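Trainee: Going by this note's numbering, the first residue of the sequence shown is number 250, and it counts up by one from there.
Some hints here could point you the wrong way.
Claimed, not checked - Across the chosen pairs, the derived CB separations fall in these ranges:
1. Gly-255 - Pro-309: 10 to 20 Å
2. Gly-255 - Pro-335: 11 to 21 Å
3. Pro-293 - Gly-336: 30 to 40 Å
4. Gly-289 - Gly-323: 17 to 27 Å
5. Asn-294 - Gly-336: 24 to 34 Å
6. Leu-259 - Pro-309: 12 to 22 Å
7. Pro-335 - Gln-275: 16 to 26 Å
8. Lys-324 - Asn-251: 10 to 20 Å
9. Ala-263 - Pro-293: 29 to 39 Å
10. Pro-325 - Leu-259: 13 to 23 Å
11. Arg-252 - Leu-316: 16 to 26 Å
12. Asn-251 - Arg-278: 23 to 33 Å
13. Ala-343 - Ala-314: 11 to 21 Å
14. Arg-262 - Gly-326: 10 to 20 Å
These are calculated hints, taken from the structure and not from any lab test.
Everything numeric in this text was worked out from a predicted model, so none of it was measured.
Don't be surprised by glycine CBs; every beta carbon is placed ideally from N, CA and C.
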Amino acid sequence: MNRMLGMLGLCARARRLITGEKAVVQAVRAGSAHAVLLDGAAAPNAVQAVSRACGTHGVPLVRTAPLALGEAIGKPGRMAAAVTDPGMAERLLALAGEAAPQDNP
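All chains, please: the whole structure from these sequences, using the hints.
Mentor: Shown next, in the form of structure tokens:
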């Protein structure tokens with residue numbers, strides 16, 4: 250999780266990140282978002298709007314730990330972010346997959 254949030258901070262410094270619920274939904278609809286991150290503490294309406302947009306347009310959606318997203322990008326209180334660079338989005342999704350708990354039979 251820490252490496253993923255570090256990569257998210259790098260995306261923000263490279264200006265390849267769009268933040269805020271409405272701006273993220275707009276970027277997903279415009280086709281400029283390659284991955285979307287949603288904070289675990291996001292409001293239910295925000296979760297619904299972002300999830301629907303991502304599902305409709307086929308954009309991967311990753312949930313982060315509560316209140317971690319805003320701090321990682323240096324903007325506390327932000328609950329949604331979209332990565333606009335395809336390479337950075339791919340790396341972020343790979344790191345998110347590593348951070349996810351594995352099911353052991």
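Trainee: Hints first: check each against the structure and report whether it holds.
Mentor: These are the hints, each one checked on the structure:
no., hint, verdict
1, Gly-255 - Pro-309: 10 to 20 Å, "holds, 19 Å"
2, Gly-255 - Pro-335: 11 to 21 Å, "holds, 19 Å"
3, Pro-293 - Gly-336: 30 to 40 Å, "holds, 32 Å"
4, Gly-289 - Gly-323: 17 to 27 Å, "holds, 18 Å"
5, Asn-294 - Gly-336: 24 to 34 Å, "holds, 32 Å"
6, Leu-259 - Pro-309: 12 to 22 Å, "holds, 18 Å"
7, Pro-335 - Gln-275: 16 to 26 Å, "holds, 18 Å"
8, Lys-324 - Asn-251: 10 to 20 Å, "holds, 18 Å"
9, Ala-263 - Pro-293: 29 to 39 Å, "holds, 31 Å"
10, Pro-325 - Leu-259: 13 to 23 Å, "holds, 18 Å"
11, Arg-252 - Leu-316: 16 to 26 Å, "holds, 18 Å"
12, Asn-251 - Arg-278: 23 to 33 Å, "holds, 31 Å"
13, Ala-343 - Ala-314: 11 to 21 Å, "holds, 18 Å"
14, Arg-262 - Gly-326: 10 to 20 Å, "holds, 19 Å"
This entry satisfies every hint, going by the numbered hints stated previously.
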